[in-house]
Structure formats: structure tokens, C-alpha cells
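Peer 1: Given the sequences, and given the hints that come with them, work out the whole structure.
All letters in the sequence shown, in the order written, are residues 1 to 83 by the working numbering.
It cannot be assumed that every hint is accurate.
Straight-line Cα separation of at most 20 Å, EDC-like style, residue types lysine to aspartate or glutamate; simulated pairs [to be verified]:
| hint | residue 1 | residue 2 |
| --- | --- | --- |
| 1 | K12 | E50 |
| 2 | K12 | E30 |
| 3 | K12 | E27 |
| 4 | K12 | D53 |
| 5 | K12 | D32 |
| 6 | K12 | E54 |
| 7 | K12 | E42 |
| 8 | K12 | E43 |
| 9 | K12 | E49 |
It is worth saying that the hints were derived from the structure and are not from the lab.
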Amino acid sequence: MLIEYIGAALGKARYEIIEDDEPYYGEVPELDGVWATGSTLEECRRNLEEVIDEWIVFRLRRGLALPPIGNHVIEDPGEVAVV
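Peer 2: Here it is in C-alpha cells:
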């Protein structure tokens with residue numbers, strides 16, 4: 001369930017090149033505050049995947065809802081145990 005959600009979120013990611021030491025920037029507009037950078041596009045994508053994972057854990061630990069990504073929905077975050 002979570003792996004599919006992360007995959008769907010990565011499928012919605014937008015990438016651009018910025019003027020920075022890590023010029024690749026990626027974000028998932030549907031997930032507030034989820035963004036990452038990297039020296040290469042692949043590194044940016046890996047970093048973005050890690051940020052999504054951490055964002056999900058943060059929200060679930062606090063009992064906050066996860067927004068739907070396409071047809072991927074986690075309806076009751078209170079039932080997911082994070083240890």
C-alpha cells in the first residue's frame with residue numbers, strides 16, 4: 001500500500017534545473033512541502049523518494065491524513081502502526 005503510494009507520488013513529481021550546487025530540483029505538488037535536490041536527476045529522484053517516505057512517517061505518527069495521489073488513497077492513518 002505505501003510502496004504504491006510512494007510510486008504514484010513520484011509519478012506526479014516535477015523536476016527542473018536551478019542555479020545551485022545541486023542543480024536538479026524535484027517536488028510533488030500534491031504533497032505540501034515535499035521537495036528535494038541532487039547533483040544528478042537520478043540523485044534528485046532518490047532524494048525525493050526518501051523525503052516522501054519521511055513525510056509519510058511524520059504525518060502517520062501524528063495521525064494526519066495523507067492526500068490521495070491519483071487512485072491511491074490511505075483512508076485511515078490511525079490504523080497504520082509505525083514503530
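Peer 1: Please verify whether K12 and D32 have alpha carbons no more than 20 Å apart.
Peer 2: holds, 13 Å
Peer 1: Would you mind confirming whether the straight-line C-alpha gap from K12 to E49 stays at or under 20 Å?
Peer 2: holds, 12 Å
Peer 1: K12 and E54 were given as a pair; does the straight-line alpha-carbon distance stay at or below 20 Å?
Peer 2: Holds. K12 to E54 sits at ~17 Å (cutoff 20 Å).
Peer 1: Next pair to validate is K12 with E27; report whether the Cα-Cα distance is within 20 Å.
Peer 2: holds, 9 Å
Peer 1: Take a quick look at whether K12 and E43 sit within 20 Å of each other, Cα to Cα.
Peer 2: holds, 17 Å
Peer 1: Assess, step by step, whether the Cα of K12 is no farther than 20 Å from the Cα of D53, and give holds or violated.
Peer 2: holds, 15 Å
Peer 1: Are the Cα positions of K12 and E50 separated by 20 Å at most?
Peer 2: holds, 15 Å
Peer 1: Quick one, are K12 and E30 close enough, alpha carbons at most 20 Å?
Peer 2: Judged against 20 Å, a Cα distance of about 8 Å means the pair holds.
Peer 1: Compare the distance between the alpha carbons of K12 and E42 with 20 Å, and conclude whether the hinted pair is satisfied.
Peer 2: holds, 16 Å
When held up to the earlier numbered hints, the structure conflicts with none and fits them all.
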